[in-house]
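Trainee: Protein sequence lines correspond, in order, to chains D and E. The first sequence lines up with residues 1 to 373 when you count with the working numbering. The second sequence lines up with residues 1 to 373 when you count with the working numbering.
Any given hint could turn out to be false.
A pair holds if it fits inside one copy or across any two, identical chains being indistinguishable in the list.
Said to hold, decoys possible - Derived lysine-lysine pairs resembling DSSO-like cross-links, with alpha carbons at most 27 Å apart: (1) K223 with K325; (2) K327 with K223; (3) K33 with K314; (4) K124 with K70; (5) K69 with K219; (6) K283 with K327; (7) K219 with K70.
Read the hints as simulated data drawn from the structure, not as lab findings.
There are 2 protein chains.
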Amino acid sequence: MLPGPTNVPNRVMNAMLAPIINHRSEDFRTLYKSIIEKTQKLFQTESDIVLLSASGTGAVEASVVNLIKKGDKVVIPVNGEFSTRLADLIDSWGGQSIRIESQFGENPPYEKFEQAFDEHNDIKALYAVYNETSTGTTIRYMDKLGDLCTRKGCFFVADSVSILGGDELPTDKWNVDICITASQKAIAAPPGVSPISISQKAKKYIQDNTSPILYFNLKRYFKYYQEHFETPFTPALPLCYAYSEALDMILEEGLDRRIERHRQCADAFYTGLGSMGLSPFAKPDARSNLVIAVNYLPGIEDKKFRDILSNEFKVLVAGGFGNLKGKVFRIGSMGEVNKYHVMRTLSSVESALRMLGVEVPTDSINKAMEKFR
Amino acid sequence: MLPGPTNVPNRVMNAMLAPIINHRSEDFRTLYKSIIEKTQKLFQTESDIVLLSASGTGAVEASVVNLIKKGDKVVIPVNGEFSTRLADLIDSWGGQSIRIESQFGENPPYEKFEQAFDEHNDIKALYAVYNETSTGTTIRYMDKLGDLCTRKGCFFVADSVSILGGDELPTDKWNVDICITASQKAIAAPPGVSPISISQKAKKYIQDNTSPILYFNLKRYFKYYQEHFETPFTPALPLCYAYSEALDMILEEGLDRRIERHRQCADAFYTGLGSMGLSPFAKPDARSNLVIAVNYLPGIEDKKFRDILSNEFKVLVAGGFGNLKGKVFRIGSMGEVNKYHVMRTLSSVESALRMLGVEVPTDSINKAMEKFR
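Bound-form chain D, shown alone:
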């Protein structure tokens, strides 16, 4: 129950055993073309798709090093580990981040973004971490940010690593120019490949831009796909097979049903945990359906609690990052998550709390179960 890498279905794991083929062959072209087309459905986009053989961090970096030039102003909401890291990367690459900060667990009011654009008339891009894995918060006005960027003529980049495939993200409808995710979160494939979509507007800009980098140089990916349906560099083939199979499973389930399943599981988690007396770390309007971050009760020690969960119940949850270390635990509710995972996790949390001397109401599990009826 980690917030990534998530459990991978056997069907997806076994897909990795397909033969190692030449990535300059018709067999590979057929595979890669189908991966691109299925990814477009997952992203709900007609934009170009590039599959990078790298983790999500690499794909996020690709969005910076191809788009941002020295001195470019970039608006970015910052309220956790991953948004901080992204803002730092923008600055170290030579961009000039305009950070809209808020308390961890909260998102800034939307008006702050309009203000930033009022104060600066030369903003190049708005980057937003749609789901902040470190705090379990999701930005619920991504559509409005997209509209704002369209009105202001700037690029809108969505770091959707830990959410795409598990919550709403109609890339084109929301005017996302560059949308980034990774294989090992809500998509439920093994880690190591990261798809990224690039709008025509962003593509045109990137084509004219000169970037000194090679492995994440999107121009090369555009060229190789256009000319050969290939990748410019050797792809991580077994992970491409697995990702392709995971996409099949997503499309078989249907994106809407998949998102509804995530919503329902999150609802059950928040209900059950709340009933046990545990409060979510995130404010109500910012709560993630994929990462459930929970405040520890006073006196409960992080390591002891998670050791019980892990050793006695074989349930793995994550601790907190940085300042939140020891203060919260985080449950990944994504990918293949279903009622069984939720109920088993809740019942283990309940038992662990009792073992640590906490009085827990006896109806928590029932209340969570109701959410599945």
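We have chain D; now place chain E onto it with these hints.
Mentor: Only chain E this time, still in chain D's reference frame:
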């Protein structure tokens, strides 16, 4: 029989099916630590090792973006696709390449390097592509280049992507500061992870250097390994399992025996092909034991020849790059290659040539076979 990705033994493929574990867990630390230690044996080094989740191109880029600053002079022999690409990358990153060019298929005389150092007293690094996959040439004086760099106090970087594990490369003995390879060549694992060794001297320099990049930022990898035996970003876990298994197979065989096997197979290839009237593209003192590049006989059409090999005999060989397209074909003789692969390939080449109307002597296969006695 491609010059990478090469065939992967079932034992290595099956290793990918091990469970997806948390990369912030003791299980992963144990795995990663053992990967690093085994890689040190493969590289014959006591240097730090970093395993990047990326293809060889990504690892080569890491060696540039961490080490080279704007204006740094870099000596580099250029005689093929990959050495050209590397020299271009050095320049686009802001370095100043001093290219020692030679005809494709030949290496420049060693004296040219001494001359370059005589002409410039502020050379930062010497980069050399040890095995140029595009032309089937290997630099046979890497040890002397290492000595020269040590004497001149500059860094020695060896792009060993298509050779390490299949030919001599005692990293420490040859004074290689940064040595780079990839999983899918002579190591015979699936593509997607790339190990790189960094000497204490290079590490110290990199620690003090500021580089604006993130995913290939070696400083982060040093820190995470030193503090936790972890990688800073989510690793491509199934490929780590596979790479680890491939390392076990290499160490079980023994590096010396493995190198001797590669040498023997190459010897048989050159002998058999030569006996058929086919000449190697590379000059005798530059011939690779891992990539056998062969000139086409006049009148033999590349596509037709390779189609016969592929369709009738299920033997895949590669064509030429760029200017060499249509002029040469290339056989990968690396990884798990053994007598069976060599003989089957030679016999298929012989038959394909006959089908295309070439008179081929009838004793070529026997002559090759003798090399295995």
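Trainee: The structure should be examined with respect to each hint, and the outcome stated for every one.
Mentor: The hints, checked one at a time:
no., hint, result
1, K223 with K325, "between (45 Å within a copy, 19 Å between copies)"
2, K327 with K223, "between (48 Å within a copy, 25 Å between copies)"
3, K33 with K314, "between (39 Å within a copy, 24 Å between copies)"
4, K124 with K70, "both (11 Å within a copy, 26 Å between copies)"
5, K69 with K219, "both (15 Å within a copy, 24 Å between copies)"
6, K283 with K327, "within (16 Å within a copy, 66 Å between copies)"
7, K219 with K70, "both (19 Å within a copy, 23 Å between copies)"
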